[in-house]
Amino acid sequence: MDGYKHIMEIIKTAPPVSPPSDFTDRVMARIRTLDPSLEGEGVERRSQWSPKGLARSLFVTPATASECSFCFMMAAFFYLILGIVLAAGLRGMGGHLHQGWITYQPAASFAVAFGLGALGLLVRKQSLRALNIVRLCVLIYCGLVLVIGMLLQFQTQATAPANYPLWLAFLAGSILMGAFLALVVHKYRGMHINTVTH
Amino acid sequence: MNDEQDREIIIRILKGDRQAYAILVDRYKGPVFDLAYRMTGNWHEAEELSQETFVTVYERLGDFNKHKRLFPWIYTIALNLARNHLKKRRREAPEKLPPIHPEPTREKPRDPEQDAMVQEQVNMLNQRMLRLPPDLREAVVLRCFHDLPFQEVSQILNISPAAAKMRVYRGLEKLRGGLGDPGDPKGS
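So the protein sequences, as listed, match chains A and B.
Be aware that the first sequence starts at 1, since it is given in my numbering, and climbs by one per residue.
Be aware that the second sequence starts at 199, since it is given in my numbering, and climbs by one per residue.
It should be emphasised that the hints constitute simulated quantities derived from the structure, not laboratory data.
A quick note: this is a predicted structure, and the numbers were derived from the prediction, not measured.
Check the hints yourself; a few may be wrong.
[Unchecked claim] Calculated pairs, EDC-like style, for lysine to aspartate or glutamate (alpha carbon to alpha carbon, straight line, at most 16 Å): (1) Lys285(B) to Asp333(B); (2) Lys264(B) to Glu206(B); (3) Lys125(A) to Glu67(A); (4) Lys227(B) to Glu246(B); (5) Lys266(B) to Glu206(B); (6) Lys372(B) to Asp345(B); (7) Lys266(B) to Glu202(B); (8) Lys187(A) to Glu206(B); (9) Lys187(A) to Glu67(A); (10) Lys264(B) to Asp201(B); (11) Lys227(B) to Asp25(A); (12) Lys285(B) to Glu350(B); (13) Lys266(B) to Glu350(B); (14) Lys227(B) to Glu243(B); (15) Lys227(B) to Glu245(B); (16) Lys5(A) to Asp345(B); (17) Lys264(B) to Glu67(A); (18) Lys5(A) to Glu371(B); (19) Lys187(A) to Glu257(B); (20) Lys12(A) to Asp313(B); (21) Lys12(A) to Asp345(B); (22) Lys213(B) to Asp22(A); (23) Lys213(B) to Glu257(B); (24) Lys227(B) to Asp22(A); (25) Lys266(B) to Asp201(B); (26) Lys363(B) to Asp345(B); (27) Lys363(B) to Glu350(B); (28) Lys12(A) to Glu206(B); (29) Lys264(B) to Glu202(B); (30) Lys213(B) to Asp261(B); (31) Lys12(A) to Glu318(B); (32) Lys286(B) to Glu243(B).
[As the list claims (entries may be wrong)] Listed below are several chain A residues computed to face chain B (Cβ distance under 8 Å; list not exhaustive): (33) Tyr4; (34) Ile10; (35) Ile11; (36) Thr13; (37) Val17; (38) Pro19; (39) Ser21; (40) Val27.
From the three backbone atoms N, C-alpha and C, an ideal C-beta is built for every residue, glycine too.
Using the sequences plus the hints, can you model the full thing?
What follows is the structure, encoded as structure tokens:
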């Protein structure tokens, strides 16, 4: 820019031009006359329900409490279905089952579904304390999944070694779900740290 | 301009708090209006374009990627509207240049003679700016009037940083021709 010092000096003496004092009011008045479908909740609904917007809100950063809560509700729904399937399956097996630990699985799934659903509701409170509790609970969930998974594997390794791939898939799925929920709540908390109540 | 605050305001707007948009308008109306004025050279057209920019931004806010910075996006919309406006104006009145509204100068000169000289130079600069092709004009406005780094200029204009640099220097070169620059090798 050295070769254009003279022009730059003239540019610096030219003051920025300012809009009229009522500019913002005029813009807002024009916005109020827009089609209602483009306003407020309409804008949100449009952005949420476009496939790209939905994918972004689910897998990148939840923008609102309801999006964050939705992730927890879906995880809860997964465990609810898992619990129902396990309960129905065990009932079908009748009294042939002797391993005590597996009879607790439906109840455990229902408990996790209930817990995740409760966390989903807690997120909607939009308070920092609630978000911290949710974050802690998700970490506990991840830890419990790991510990219980390891215990089950040690317990069943001798009797049913063929179950190893199935066990690994379940463990990895649960850990991934926990990691996803932890990421969701972490990002949401980071984005709203200045707007949620303390 | 705090990007994080912008993001929070956008979230509030998308959640239905329409009044929060006034905060964004207040924050960016100065640079957007200045940009529109430098592109059109007309105060009333600049006001109309700036208003149109903010209405368009509001309408498209649902499509804005919240992980990107807001102000380059607003600038891009403002420039697109300005380009369309200039094309339309050229079709309607091909030879006519808009009248230049004299601007007050930023610094107080020492005496009236110098005041008049500086004012004359600023007016001449504005006239020369309006004779630049729009692609060079927008690059000069962003880099020299708004002090944006080449990286951001290239991002707003959607060209490479090298191309942005080229446009700015070509614009300045053309401006220098008519301003009696002592550094101009052509001596005009």
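For each hint, the structure was consulted:
1. Restraint check for Lys285(B) and Asp333(B): the C-alpha separation of about 12 Å stays at or below 16 Å, so the hint holds.
2. Distance hint between Lys264(B) and Glu206(B) is fulfilled; the C-alpha atoms sit about 9 Å from each other, no more than 16 Å.
3. The hinted pair formed by Lys125(A) and Glu67(A) meets the criterion: a straight-line CA distance of about 13 Å does not exceed 16 Å.
4. The suggested pairing of Lys227(B) with Glu246(B) holds, with an alpha-carbon distance near 12 Å, which does not exceed 16 Å.
5. Taking the CA atoms of Lys266(B) and Glu206(B), the gap is about 13 Å. The hint holds against a cut of 16 Å.
6. With a C-alpha separation of about 19 Å, the suggested pair Lys372(B) and Asp345(B) falls outside the 16 Å cut-off, and the hint is violated.
7. The suggested pairing of Lys266(B) with Glu202(B) holds, with an alpha-carbon distance near 10 Å, which does not exceed 16 Å.
8. Only pairs whose Cα atoms come within 16 Å are accepted, and Lys187(A) paired with Glu206(B) is accepted, the gap being roughly 13 Å.
9. Between Lys187(A) and Glu67(A) the alpha-carbon distance is near 12 Å, which keeps this suggested pair within the 16 Å criterion.
10. Our distance criterion of 16 Å between C-alpha atoms is met by Lys264(B) and Asp201(B), whose separation comes to about 10 Å.
11. Only pairs whose Cα atoms come within 16 Å are accepted, and Lys227(B) paired with Asp25(A) is accepted, the gap being roughly 12 Å.
12. The hinted pair formed by Lys285(B) and Glu350(B) fails the criterion: a straight-line CA distance of about 25 Å is larger than 16 Å.
13. This hinted pair checks out: Lys266(B) and Glu350(B) have alpha carbons roughly 12 Å apart, not beyond 16 Å.
14. For the hint linking Lys227(B) to Glu243(B), the alpha-carbon distance of about 14 Å falls within 16 Å, and the restraint holds.
15. For the hint pairing Lys227(B) with Glu245(B), the CA-to-CA distance comes to about 10 Å; that is within 16 Å, so the pair holds.
16. About 14 Å separates the Cα atoms of Lys5(A) and Asp345(B), which keeps this hinted pair within 16 Å; it holds.
17. In summary, the hint linking Lys264(B) to Glu67(A) is supported, as the alpha carbons are separated by about 15 Å, within the 16 Å threshold.
18. For the hint linking Lys5(A) to Glu371(B), the alpha-carbon distance of about 12 Å falls within 16 Å, and the restraint holds.
19. A distance of roughly 26 Å separates the Cα atoms of Lys187(A) and Glu257(B); the hinted pair therefore is violated under the 16 Å criterion.
20. Proposed proximity of Lys12(A) and Asp313(B) is supported: the alpha carbons are some 15 Å apart, at most 16 Å.
21. Annotation: proposed proximity of Lys12(A) to Asp345(B) holds, straight-line Cα distance about 10 Å (limit 16 Å).
22. Restraint check for Lys213(B) and Asp22(A): the C-alpha separation of about 26 Å exceeds 16 Å, so the hint is violated.
23. A hinted pair counts as satisfied when its Cα atoms are at most 16 Å apart, and Lys213(B) with Glu257(B) qualifies at roughly 14 Å.
24. A distance of roughly 11 Å separates the Cα atoms of Lys227(B) and Asp22(A); the hinted pair therefore holds under the 16 Å criterion.
25. For the suggested pair Lys266(B) and Asp201(B), the alpha carbons sit about 9 Å apart, so the restraint of at most 16 Å is met.
26. With a C-alpha separation of about 13 Å, the suggested pair Lys363(B) and Asp345(B) falls inside the 16 Å cut-off, and the hint holds.
27. Pair hint Lys363(B) plus Glu350(B) holds up; C-alpha atoms about 11 Å apart against a cutoff of 16 Å.
28. Note on Lys12(A) and Glu206(B): the hinted pairing is violated, with a Cα-Cα distance of about 34 Å set against a maximum of 16 Å.
29. In summary, the hint linking Lys264(B) to Glu202(B) is supported, as the alpha carbons are separated by about 10 Å, within the 16 Å threshold.
30. Proximity of Lys213(B) to Asp261(B) is assessed by CA-CA distance (about 14 Å); at most 16 Å being required, the pair is judged to hold.
31. Distance check on the hinted pair: Lys12(A) and Glu318(B) sit about 14 Å apart at the alpha-carbon level, within 16 Å; holds.
32. For a cut-off of 16 Å, the pair hint linking Lys286(B) to Glu243(B) stands: about 12 Å separates their Cα positions.
33. Evaluation of the Tyr4(A) hint against chain B yields a held restraint, the C-beta minimum of about 4 Å falling below 8 Å.
34. Because the closest C-beta pair between Ile10(A) and chain B is about 5 Å apart, less than 8 Å, the hint holds.
35. Of the supplied interface hints, the one on Ile11(A) holds, with its beta-carbon coming within about 5 Å of a beta-carbon of chain B, less than 8 Å.
36. Residue-level restraint check for Thr13(A) holds (minimum Cβ-Cβ distance to chain B is 5 Å; threshold 8 Å).
37. Checking Val17(A) against chain B by beta carbon gives a least distance of about 4 Å; that is within 8 Å, so the hint holds.
38. About 4 Å separates the beta-carbon of Pro19(A) from the nearest beta-carbon of chain B, less than 8 Å, and the hint is met.
39. Taking 8 Å as the C-beta cut-off, the interface hint given for Ser21(A) is violated, the closest approach to chain B being about 10 Å.
40. This hint holds: Val27(A) has a C-beta 5 Å from the nearest C-beta of chain B, less than the 8 Å allowed.
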